[in-house]
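> For this one, chain U is given, so just place chain L on it according to the hints.
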Amino acid sequence: MSDSSVRSSTVQSSEETRLWREEFSVAAAEQGYVERRQFGKFLLLISGAMFAGQLWLLAKEWMARARRSVWPRREVAVAGEIPVGGARVFQYPGPMDNCLLVRVDETRYVAYSQKCTHLSCAVIYSAAHKRLECPCHEGYFSIDDGHVIQGPPPRPLPKVDLELSGGKLIAIGMSEFGKDQER
Amino acid sequence: MALHDSLTRKRAARAIEGSLMLLVVLLVVQVWLLMASVESWLAGHHDVALPAAVLSGALFAGCLGLTLLARRTDRIAALLGSKEPKDQA
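From first to last, the protein sequence lines stand for chains U and L.
The numbers in the first sequence follow our numbering, run straight up by one, and end at 188.
The numbers in the second sequence follow our numbering, run straight up by one, and end at 77.
Just chain U, same shape as in the assembly (with noise of 0.2 Å):
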């Protein structure tokens, strides 16, 4: 190859770069400069939906404190009508708290609030081991007061204080295992 035609080729090469330039004036650089302003507002918005999600949390945490100063009275069954050994499910205090009802004896009936204090996993009762359980991760709650027997949950299940009026069982309030002790 002649050094005229290295030139002319040269020379043609740097000519269409000028025009390919001039059609796309966007300098790589400034388009990556320009990005990382939008990952920064990106952040901006993802800790701005953390902390909303925060508030959520206190939101819900300030709903059921004022829900929780007033228990309503309920009548959640009619002594008898579930059998030994059986389980109810009814709603207290508020239309989405699952609550246990089970009738341990012919005489005695119990019931705990159903969200494992784990991490809100629906407990359910064995009556072959007269236990409340929690199938996702084994944690076992006694029937009598509700204290942990097993597993990881940190706390006894909130218990439904019952009162049997005119043959009809009543939620008036809840209590904690311990707490009511100590009053």
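Treat the hints as calculated values from the structure; they're not laboratory data.
Everything numeric in this text was worked out from a predicted model, so none of it was measured.
Just so it is clear, CB atoms sit at the ideal spot from N, CA and C, and this is done for glycine as well.
Treat each hint with caution, since some may be false.
[As the list claims (entries may be wrong)] Reference excerpt, derived from the structure (chain U facing chain L, CB under 8 Å, subset only):
id, residue
1, 42
2, 55
3, 58
4, 63
Below, chain L without anything else, positioned relative to chain U:
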């Protein structure tokens, strides 16, 4: 002129990168905080909701501050970049 301009832009870009890194660190802490507080709340430790929300708010304010700082740096860099050629001309 062009060299000066690119230097200013480079400095601004570096400052923005620094703020972004800090933002990422704050965000990781915030994600961990939300995860830990939800887990505690579900486990019945209801008292964690308020301090966690306050701390998360502070972290969000930090993120907002860093973003504003980055934006301000960017604006100043753009202003200097536009002034420099006029001064030298």
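> Determine for every hint whether it applies to the structure shown.
Do the hints match the structure? See the list:
no.: 1; hint: 42; result: 7 Å, holds
no.: 2; hint: 55; result: 4 Å, holds
no.: 3; hint: 58; result: 5 Å, holds
no.: 4; hint: 63; result: 4 Å, holds
When each numbered hint is compared with the structure, no violation occurs for any of them.
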